[in-house]
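Q: Chains as they are written, first to last, in the working numbering: chain A, 49 to 162; chain B, 2 to 109.
It should be emphasised that the hints constitute simulated quantities derived from the structure, not laboratory data. Everything hinted at is true.
Pairs of lysine-lysine residues, derived as DSSO-like cross-links and limited to a Cα-Cα distance of at most 30 Å, are as follows: (1) A/Lys105 - B/Lys96; (2) A/Lys62 - A/Lys92; (3) B/Lys4 - A/Lys105; (4) A/Lys92 - B/Lys4; (5) B/Lys101 - A/Lys57; (6) B/Lys96 - A/Lys92; (7) B/Lys101 - A/Lys105; (8) B/Lys70 - B/Lys96.
Remember, it's a predicted structure, so these values are computed and weren't measured experimentally.
Below, each chain spelled out in residue letters.
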Amino acid sequence: NAGVTQTPKFRILKIGQSMTLQCAQDMNHNYMYWYRQDPGMGLKLIYYSVGAGITDKGEVPNGYNVSRSTTEDFPLRLELAAPSQTSVYFCASTQLTGSGTEAFFGQGTRLTVV
Amino acid sequence: DAKTTQPNSMESNEEEPVHLPCNHSTISGTDYIHWYRQLPSQGPEYVIHGLTSNVNNRMASLAIAEDRKSSTLILHRATLRDAAVYYCLGGSNYKLTFGKGTLLTVNP
Numbered sequence: 049n050a051g052v053t054q055t056p057k058f059r060i061l062k063i064g065q066s067m068t069l070q071c072a073q074d075m076n077h078n079y080m081y082w083y084r085q086d087p088g089m090g091l092k093l094i095y096y097s098v099g100a101g102i103t104d105k106g107e108v109p110n111g112y113n114v115s116r117s118t119t120e121d122f123p124l125r126l127e128l129a130a131p132s133q134t135s136v137y138f139c140a141s142t143q144l145t146g147s148g149t150e151a152f153f154g155q156g157t158r159l160t161v162v
Numbered sequence: 002d003a004k005t006t007q008p009n010s011m012e013s014n015e016e017e018p019v020h021l022p023c024n025h026s027t028i029s030g031t032d033y034i035h036w037y038r039q040l041p042s043q044g045p046e047y048v049i050h051g052l053t054s055n056v057n058n059r060m061a062s063l064a065i066a067e068d069r070k071s072s073t074l075i076l077h078r079a080t081l082r083d084a085a086v087y088y089c090l091g092g093s094n095y096k097l098t099f100g101k102g103t104l105l106t107v108n109p
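Model the full assembly from the supplied sequences, consistent with the hints where possible.
A: As structure tokens, then:
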């Protein structure tokens, strides 16, 4: 199993450009998450999904959009990139069992907006 | 969401035990306590979780206070590879939110 795969690993965007960060998991997990991590800070939840077709906002959703058309994929869309969106983005997935949860994280996408 | 409080940083010597504390006084009765860690330049990785009883796995032990308002992650013999930021999550079981965590430094 590959686990959680994020692409690309690195990207430089110009202000106002748009892009999609890809996230795929092969563990048939129902829950998926997107986080951002600014330098020296903890992770902030952007959006999460409890299953295909269902998404909800996290702590910092402004400037981002998500969709979940399949169980495996959870792309994150930046429509008008701003310097404040320079960060490392992590995707995660888990299968909620009712007895706690072990989430698996991707290796991250380092995004710089200039 | 329940708020967790952890020390900003802690230091340990190699081969010695480490006790990482976490306060989660507003946790609900059905929320599990999860611990994750993040090694430098990597994504977070799961360490351990528990509800009421103390828990052990190959990585660590989790001691949960009887009133569930606090917990302690125990690394029995710290190694240099354990140097990381350790996060305690005490909120919703599915809406995983992270605080600032504790930066653990392990001295050789």
